[in-house]
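J.: Let the sequences and hints guide you as you build the complete structure.
Protein chains: 2
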Amino acid sequence: MSLDDSQSKFETYVVIEFDSKCPHEIKSWLNNRLKTSAEFLTQFASNSKEEEVFLYIGATTKRLLKGAENVGIKKIYRNKTIRDFLLEDIENFENSTNLEDFLSQAEKLKVIEYELNNLKHDFEVMNFNEKFLINKYDGIINQLKKMDLILNVFPIHDKTELKRLESIWYKNIKSYGFFQYIPIDKIRNYFGESVAFYFRFFEFYTKAIYPYAFFGLVTWILPFSPFNRFMIFTIFNLIWNTVFLEIWKRTSNELSYSWGMFDLEFIDKPRAQFRGLPSINPITSKPELVYPKKNRRNKKYFVSYPIIILSILLAFFLMMIYYSIQNTVNLKFDNPESYMHTAFKMLPSIGYSIIVIPLNLIYKYIAIFLTDWENHRTQPSYESNLTTKLFVFYFANNFMTLFYEAFFDRNYENLSNLLVSMLIVNAVFNKLTEVFAPYLKKRIVKKIIDKRDGDDYEKQAYSLDKYEGLYSDYVTLFEQYGYITLFSSIFPWVAFAALVNNIMEQRSDAFKFCHVNQRPFPSNANGIGPWKIAFELLGIVSVMTNIALIALHPDVREYFKGFSDAEYICLFVLIEHGLIILKVIIMIVIPDESEAVANAKQRYKYESLEALKKERLARSMKIK
Amino acid sequence: MSLDDSQSKFETYVVIEFDSKCPHEIKSWLNNRLKTSAEFLTQFASNSKEEEVFLYIGATTKRLLKGAENVGIKKIYRNKTIRDFLLEDIENFENSTNLEDFLSQAEKLKVIEYELNNLKHDFEVMNFNEKFLINKYDGIINQLKKMDLILNVFPIHDKTELKRLESIWYKNIKSYGFFQYIPIDKIRNYFGESVAFYFRFFEFYTKAIYPYAFFGLVTWILPFSPFNRFMIFTIFNLIWNTVFLEIWKRTSNELSYSWGMFDLEFIDKPRAQFRGLPSINPITSKPELVYPKKNRRNKKYFVSYPIIILSILLAFFLMMIYYSIQNTVNLKFDNPESYMHTAFKMLPSIGYSIIVIPLNLIYKYIAIFLTDWENHRTQPSYESNLTTKLFVFYFANNFMTLFYEAFFDRNYENLSNLLVSMLIVNAVFNKLTEVFAPYLKKRIVKKIIDKRDGDDYEKQAYSLDKYEGLYSDYVTLFEQYGYITLFSSIFPWVAFAALVNNIMEQRSDAFKFCHVNQRPFPSNANGIGPWKIAFELLGIVSVMTNIALIALHPDVREYFKGFSDAEYICLFVLIEHGLIILKVIIMIVIPDESEAVANAKQRYKYESLEALKKERLARSMKIK
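Protein chains in written order, with full-length UniProt numbering: chain G, 1 to 624; chain A, 1 to 624.
Keep in mind that the hints were calculated from the coordinates and are not lab data. Computed from a prediction, not measured in an experiment: that's the story for all the values here. Treat each hint with caution, since some may be false.
[Said to hold, decoys possible] Restricting the straight-line Cα-Cα distance to at most 30 Å, the calculated cross-link-like pairs of lysine-lysine (BS3-like) are:
#, chain 1, residue 1, chain 2, residue 2
1, G, K614, A, K614
2, A, K62, A, K120
3, G, K601, A, K249
4, G, K294, A, K80
5, G, K249, A, K299
6, A, K614, G, K622
7, G, K605, A, K269
8, A, K605, G, K605
9, A, K186, A, K466
10, A, K605, G, K294
11, G, K605, A, K294
12, G, K171, G, K159
13, G, K613, A, K601
14, G, K447, G, K159
15, G, K300, G, K146
16, A, K249, G, K300
17, G, K146, G, K49
18, A, K159, A, K145
19, G, K299, G, K145
20, G, K601, A, K269
21, G, K622, A, K62
22, G, K80, G, K614
23, A, K21, A, K120
[Stated by the list, open to error] Chain A is nowhere near these chain G residues, computed Cβ spacing over 12 Å in every case:
#, residue
24, K171
25, L217
26, V243
27, P270
28, N375
Ideal placement from N, C-alpha and C gives every residue a C-beta, glycine not left out.
T.: As structure tokens, this is what we get:
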């Protein structure tokens, strides 16, 4: 094992951007800390005004390997199992001949992020007025961020690696084939598990739409009666979305295992923003900041959830008021030839739109505030709670109008138009705001910087949009899944539009991650988190909506004209219950884990338990 | 640590009963094997015909302690955590000063049963014609049982311990108080986890009925309109049965942890009847008989389940045929004063009863045959699969008639009568067949034996009824839970009858275990197994039945006379969906484990993982 420091040339992994008003002594003091106690390589760089506001951070291979143990990184062991990385044991891991490339890009960034977050007060090193650093349990960088002395900390792309990744990913024309898979391990090695899971899910979902769209087309063409056609498609829809999610769970568990994410609860480190009192972790017995789970649960059940429910009710009442005003106005100004009347009729919806947008924004801030306040220990738990809050509100808000049109107005033309317009807005609007506009901006900025500084990659990175997490990406998918599945019995063609859109969007999303946003810090994940539940819920709701849609369809009522209203409804209630039971049975029948993964996990657990026994045995022998 | 063999006097733990035609050489050969390779103490005893058909098995404390390690017994460690028992480390366990009483009765029996089951062919010891022992992977005792040379293997009671247990259990008048708990740890120490869980659950369930019966009474007395009364009680019923089961899960998880049952998958040994090919266990890497999970799954999904479904359909058609014949007969012979007519009217139900009883028996044998054939590795898994099969059929069969009366006949008086008679039959009939009759038999047999052999406890034990597992005990509870909860909105008084019955039945059940049946081999369990799901399912079904009952009630229809039929049904469908959502929310909100238990488990897992790391570290250091 050769870990000669001199081999490593300086390579920037992460950039710290200071505010220009940050005092020089703080900057140089932090620089010192990074060099001495964190043992990083550092280098200052200046902005266009010649202010030294950028601190580039690099690290030797040795430093990164040492850190990898702390971060709980798992690697493939010689017996092809996944084991915690141990520096002492490195020869027994695969690919340990070339130490430079032993850790992936994402793993290196995890090590650096962890050390940065854990840079704590160290009273012995303090040699200037540090009274502003009030909290000795809070990370230094987090405190400087709160004081606006540090504006941003972000990793930057590795140009060579990125080029290589792009060429086999979305720039490869072959990758558009149905039987082609995205280079998921490469994506994971570069962006980390959380982003990789998103792209894997997106791909999986898109491929699942093929049979769906095809089946929809077939049932539409074949000469079925409306009732039979709708029912066949509803049952197909039910089986499809259940099987789709169950197979996804298997895929996801397999990935999660092969990426060493199966015991996340021990790997994940506290977030930089996590607050707690110094205490003993009841599980690891290590000194740590601890925040009682009970407090968090109380906050959730007695404050957060009631607020969410109130918000949804508020949104619902607003919608009801809007519809009632609209109806009144429609009746009053019913002359279709009068421009005045048409204008008046538009007033309520304009008013509604104007009120709704800021309310949604306010809700978003409330959700973020509440999640911060709940004080989650790890990033995945924080994200999953924030996502749930945003999602519940989003779901209620977005589908409320669709439900209204479908079941109260029973206006199928309106519903159809609404679906189309939502799909198009979803597709076009997203691409414009998320990809094209920022990319244009980037090209322009690049030209300016190129002229001034030459080809300085780090500075271009600084000008990019900040990475905001995967929430909006998942929402886009979820929204589409909703349009496809909730009303599919009546509008099976929606799946086609979705399919075409997704084939393109997979690539534009990839492009966004590589060029439009700042590179994200890689984050652990053992799946798509709360979205799995969200998709599952939608699957159950879709059984109800589809059956309701069928029951309300005039052609179907005509088909059952021998039935009394009561019998007719009872029939559909029975069908609905039967289908939900069928769904649950399918969910139970398909195991969530393949036998191989289940065995591998059991084996790991078994070996640990045996090791614990041996340890105790050895200890008791020693005492004797 | 003193483990002097001479201290232990001979005490019979288990009796092997040979067939009288079993050749003497086999008996003495087995006796030899038990003494030499299993290191047990043994002693022959003869029956009334002076044939030596009983082999009493005992063991030294040292032998039992040595065996306890293999069986994966867990004990309380000095730091109050639960740890795998290690003989070398015994000083660090609590109560290790008195070695005689260190292992509980149940643990001792587990050790002996394990060794008996694992007595395999040992070609070196074979010294007579053993060609009959064809399968070298199958346990010897199991093979002798199959050949009917061994009739039974059963543990016998420890008179002193049993007396002590009885006196603080059902013989203690205080134990009948509401705030009194049964001595659950003592029961576990004597009968093992599986039986203890049954009694704990029975107690828990009985106590849960108190508020239920009380609330039912209150809503019945207060001057509500029928709709309000039914709805209030239905909602209460929903909350009650959800909360009841959720709290049970917590209680059960706590017990399971404190009894060291949390990693059953590694503790549980293969059943004696388990067949497989010698191979390497993929988890422990130990040589073992292995049977691929896939084969078992295929057998279940492609043979067992379809057969079950067919059986239920058959039973259903039989019932439908019965009802249609009954209706025809009722119409044809409608003279209430003619005895002939009355007699004719009874014919169909007599015929139905005659057909149903053997069919049920046949089904039971099919279920046992299928479960044997599925070849489950461990006893809990075998039992859980058998239970599921029996239960599903039972559920369908038993509640089918109730459903028919409730929803097709809509004959509330019939239904009410049916409920009462079922409850009474359930209570009285069970007690007669399960407790009183066998007890009488026991008293008589005791007298005969006493006269002949003096007070030979072991021989009395042999004459008792074989222990048949907990299936019928759980079914009795389940049945009652069904009567209470499925139709509770209309007949809340049923709970009172159940309450009175249970207070008595808890004691008669305890008596049954102590005196009526042969002592069961203690069996591991981490809860009530498949019954948890069965009770949960019933909770969901009860929402549907109650809402349907309310909707069908004439007084309620009258209350909503302003509604059209369609609106009326839609209203109840909405209510039903809303209530089921409420139920799911309650289930999610109440965590299945208390924080303490969750932490303790995590801690155990964490320590094991750390031990594994250390072990690897030590190994890699040693190599260097």
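J.: Broken hints, numbered, in rising order?
T.: none
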